[in-house]
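Chain by chain, the residues run as shown.
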Amino acid sequence: MDLQKTIYKKLLPVVFSSTKKITIHMKSFVSIVILLCMFLTVSAQTKTIYTCPMHPEVQMSKAGVCPKCGMTLEARKITAKKVQPKKKVEPKKPVKEVEKPVQHSEHHNTITEEKKLPSTDAKKEVLNQATERVNQAPGKAVEYHLYITDAMVNYTGKLKKGFAVNGQIPMPTLTFTEGDTAVIYVHNRLNEETSLHWHGLILPNKYDGVPWMTQRPIKAGETKLYTFPIVQNGTYWYHSHTTMQEQSGLYGAFIIKKKANSPKVRESDLIPDYSLVLSEWTDYKPKNVHRMLHNATDWFAIKKNAAQSYAEAAQAGHFKTKLKNEWKRMMAMDVSDVYYDKFLTNGKPENSWNLLSGSRAKAGDKVRLRVVNGGASTYFWLKYAGGKITVVANDGEDVEPVEVDRLIIAVAETYDLVVTIPADSTAFEFLATAEDRTKSTSLWIGSGIKQLALPLPRLKYFEGMKMMNGMMKMNGDLDDMGMNMSLNQMDMNVVMYPEITGEAKKKGTTEPREVEIDSNSKKDAGVMQGMDHSGHNMYNSNAMSDIVTLNYAMLRAPYKTTLPNAPTKTYHFELTGNMNRYVWTIDNKTVSEADKILIKKGENVRIIMHNNSMMRHPMHLHGHFFRVLNGQGEYSPLKNTLDLMPMETDTIEFAATESGDWFFHCHILYHMMSGMGRVFSYENSPVNDELPDRKLADRKLFKDDRAFHFMAENDFATNGNDGMAMYQNTRWSINTEWRLGYTRHHGQEVETHIGRYLGKMQWLMPFIGFDWRYRKIETDHMGMKDYETNLFGQTNTKDNRRQFSLGVVYTLPMLVQAQAEVYHDGNVRLQLMREDIPIAKRLRMHFMVNTDKEYMGGFKYILGKNVSLTTHYDSDMGFGAGISLNY
Amino acid sequence: MKSIILMTAVALFSTAIANAQIKNATTETVKVYGNCSMCETTIEKAANNKNISKADWNEETKMATITYDSKKTTVDAVLKNMALAGYDSPKYLAPDEAYNKLPGCCKYERESKPVTKVDHSKMDHSKTAMKHDEHAGHDMQTQSKDQQEANQLQPVFDNYFSVKDALVKTDGATASAKAATLLLAIKAVKMETLKADEHTAWMEWEKNIKSHAQAISETKDVATQREHFSSLSTGIYILTKSAKSNLQVYWQNCPMFNDGKGANWLSKESAIKNPYYGSMMLTCGKTIEEIK
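Same order as they appear, the protein sequences are chains A and B.
Heads up, the first sequence is in the numbering used here, so the first residue is 191 and it goes up one at a time.
Heads up, the second sequence is in the numbering used here, so the first residue is 602 and it goes up one at a time.
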């Protein structure tokens, strides 16, 4: 990995802070602390490092050459050691006067570097708090400094911009013990705003880290202190909650150990453990990824070799399936939206853990992996080459150990897994495969010869397509055919998993399966009832193979999790979405379109969610644990992120015990940014002093899902210059098309439409339009003008035509866009159009025909993300070929 | 004569092309475990990546000469591909599933695979027995000797289950192959060493199960296989009941097969995985008897 950042930016503040620290600690009367600090400072001051003038991240203790470019390293004396999480552990100390309960003073939440005094005060205060906390819980203040900087990273052979904290991706693992007080200084050294959210942590609302909901963003150059008591234990994580920063490296593990004498300590708490942060990397800018998704790009599908074109369908013997798929107005479906260049284990495509330094793993040893899915939009399948995996905790909360062969970890979930090292001098592969199975990332556990795990075979996309065809009703709703799916027990995608349902059949060896999907489920529901099987198991992978896959129904809390006796408020959420336009909503409303949901402290809140969209959604609730009603009764497990597959219905409930505003949202970054979420707002909460102007805050908050996305395309062809530009958001669309001929006879034409998409599926869009056309109408030798007449006998006589129009576009089956338009002079135009018919992997066809007797048809061969070769025939301009560029 | 010159020219030309294909070529020789010429084909195919890497494996020395473009790949990546195809090297061990999939003649001795320490207290017997069949010897030590002697019919049962599993997956080719193995297992049974009950049952049913196993092995048509499997299951059922196996098995019933006449099968799991309809009707059926 090649991380670059400015050494000055990084090192100078540390110099400050370490000198600063001496004063602070001196004042804090604790001699041990002074000694500790002195020691640290002294050891740091004598340090000389050798660094490369080109690669400041190269920091060696000896002179030599840079391992990256071979330049001679320069000696550099620094007064601080290499920047890394500065963990200051305050030892237990005698309790001083405790008068007031723990309080976080307000004025120092945001400290700029210039104002050093308040920050000194802040630290003093923090120390006092720590001392104060001793009385209530014998914890300590644990302090971290996080420096967020720009970083140049190289995962693919190209240097790309990312973000790093303390010079690393992922962010450093923060470790605490239950009962500690977290004191975390976040130094924003970016040129943009940022924030950090502590995922899964129970903390005061104003430290939750959602910009414009619980705090002001941390502006460029500012420092913010997050400090809160640690009242739980387990594996959690933290990440930026600002724009798409999470995608570019701002994620890390947040580990809380149990207190040594806690009755909750189990065997799995005493074995060696390893924090494993899974994530993904794309060389594209995340903002561009988001834009491309909104513009229904199929570039990612091409990169994944999952375009699912007609030619590929025919080859697989699934031509009819594809036809039916388009008839039902679906575009090629996939289990993930984005193509990634690399998947990462703690920031590397492959990583290894040699266990405790020095001692080598012995056969039979058990170890614990604390797995965090810090990916922005990737689910990972987890497998271990050394055998079974025992799940001991989920989302930070302990569960009764359950042994499985594999599990899928949803975006933003955490799992604690215990695995056994079955043999000496072997490194066993812990394999995390992206759900779309394009790539994987590995952790080698142990050292020696590498024992591989069997990779997951490629998805049978057309089987999946067929399954979706069966489930999709013509109105765009999903029909679960009475299967009452929940808790990941039935995975519709098993039809695509060769390891469960067998290899894809070659063309010719057909099997009568088409009809069976329907008839089977009917039989299941009817005839088979009362037989010895639990309902409809046709998608239950555990019933279908020897492979045991974890599902939520298998999670059981080790202790009772029942809620206090209180009135219960129930909400029904329908998770809705539309892949074609990349709109993701709850009850077809984005965050900005919906009201905040008011809840009262003391009541219980129950949410029944149904996923009526075609993608899965990991729904995350901030600042609370919820119970998942999974059939385990009083021992229902506690979670903070719950994945819902398409068609699933799950019920969660939590006790409203906090105050303030808490975000509940889909944790797929691009879905969240599109507005898939709600805000739970406690009634009568004290005003959040960070955000005194709620209206302004809301406006800023809503900006994300109200954003417009731009796209443009222009075809430079031999017969003219055609193009279009679109500017769209969740509901509104402004688009303009132009056709610029090279001769006066061909003329020039620009059509602009402003419309609003209606309905959940957004198949209907009424619009107002404006047309401008200039064309020299030909005069024949008799002096008669050659007017054009449309199918309705209407003519237009003007060379230079300006027209307003009203119209409506509707998406017909086969994804054909039918458009009706009335111009202000009474002329009417009806038009049918279909773009991007996937003929082959990179070949697209399009056609257009209208009542002005114009027609057009052509092909496009996609060369790259932004370039295609085109050829088309146009009734006005004739045959042409060219190059099309798109943005 | 002309043709010889031509052939030589073509041969030279093609070698030239072959050599020209990989740029920045680096060659390394690494030991790759394997047995036969079939192994050679598989190993070389796994290493072959057009213009990037190729390998030449020597059956005698078990050494693979790997040529690769050092700017585009590494020798490790090539060895990893070989391991994923089922072949161990000093660097990588093949996944067990990949090794088990190798044809019988290719099942080389896995010298470099360290002995797996098995937690005996936790191993259940059905799994051990299954492993015995699949791993063909390399982890024989996990199975105690007297257990093998105790049940001569075990390989027959194990192979029956393999056929069943293949039918569950509607995989005619595998079912056929497994049935062939089953046939061998049936032939290998020494009737004279069977216990009294088993002996009687074997006398009565041997011919029947043999003929159906053979019929399944001779076709790849799943529908035909399933018909025979229905009869085969009856025979195996009787045998299981007579044999004092320490294996828990389940006698399960699909009421729909054969136009509603129904059919039965044996399974090691209580969960229903119907071999008569595959994924169409996988969990349809019920357990009608538990046999211990």
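Calculated directly from the structure, the hints in this document are not laboratory data.
For every residue, glycine included, the Cβ atom is placed at its ideal position computed from N, Cα and C.
One thing to keep in mind: the hints can contain errors.
Claimed, not checked - Covered by chain B, according to a simulated footprint, are these stretches of chain A (three or more residues, beta-carbon under 8 Å):
#1 604-617
#2 642-650
As the list claims (entries may be wrong) - With a cut-off of at most 25 Å between alpha-carbon atoms, the simulated DMTMM-like pairs for lysine to aspartate or glutamate come out as follows:
#3 Lys708(B) <-> Asp614(A)
#4 Lys510(A) <-> Asp772(B)
#5 Lys692(B) <-> Asp555(A)
#6 Lys821(B) <-> Asp595(A)
#7 Lys714(B) <-> Glu540(A)
#8 Lys702(B) <-> Asp736(A)
#9 Lys702(B) <-> Asp888(A)
#10 Lys869(B) <-> Glu689(A)
#11 Lys629(A) <-> Glu712(B)
#12 Lys673(B) <-> Glu540(A)
#13 Lys673(B) <-> Glu412(A)
#14 Lys714(B) <-> Asp531(A)
#15 Lys532(A) <-> Asp670(B)
#16 Lys651(B) <-> Asp736(A)
#17 Lys663(B) <-> Glu712(B)
#18 Lys632(B) <-> Asp736(A)
#19 Lys629(A) <-> Glu698(B)
#20 Lys538(A) <-> Glu645(B)
#21 Lys629(A) <-> Glu645(B)
#22 Lys714(B) <-> Asp614(A)
#23 Lys629(A) <-> Glu661(B)
#24 Lys646(B) <-> Asp670(B)
#25 Lys578(A) <-> Asp670(B)
**Item:** Pair hint Lys646(B) and Asp670(B), alpha-carbon separation not exceeding 25 Å
**Value:** holds (17 Å)
**Request:** Starting from Lys629(A), check that the Cα of Glu645(B) is at most 25 Å away, please.
**Result:** This hinted pair holds, its Cα atoms lying about 23 Å apart.
**Prompt:** Lys714(B) and Asp531(A): Cα distance at most 25 Å?
**Reply:** violated (33 Å)
**25 Å Cα cutoff - pair Lys869(B), Glu689(A)** = holds (20 Å)
**Prompt:** Within 25 Å, alpha carbon to alpha carbon, are Lys821(B) and Asp595(A)?
**Reply:** violated (31 Å)
**Pairwise hint evaluation, Glu661(B) against Lys629(A), where the allowed Cα distance is 25 Å at most** = Outside the cut-off at roughly 36 Å; violated.
**Request:** With a cut-off of 25 Å on the C-alpha distance, tell me whether Lys629(A) and Glu698(B) pass.
**Result:** Holds: Lys629(A) and Glu698(B) sit about 20 Å apart, inside 25 Å.
**Distance restraint between Lys708(B) and Asp614(A), which requires alpha-carbon spacing of 25 Å or less** = With Cα atoms ~23 Å apart, Lys708(B) and Asp614(A) stay inside 25 Å; holds.
**Message:** Hint check: Lys692(B) vs Asp555(A), CA-CA at most 25 Å. Holds or violated?
**Reply:** holds (22 Å)
**Asked** Does the structure keep Lys702(B) and Asp736(A) at a Cα separation of 25 Å or less?
**Response** Status holds; Cα separation ~16 Å.
**Asked** Hey, Lys532(A) versus Asp670(B), does the alpha-carbon distance stay inside 25 Å?
**Response** Distance ~21 Å between Lys532(A) and Asp670(B) Cα, so the pair holds.
**Prompt:** Under the criterion that the straight-line Cα-Cα distance not exceed 25 Å, is the pair Lys538(A), Glu645(B) satisfied?
**Reply:** violated (29 Å)
Hint compliance for this structure: hints 6, 9, 11, 13, 14, 16, 18, 20, 23 and 25 are broken, all remaining hints hold.
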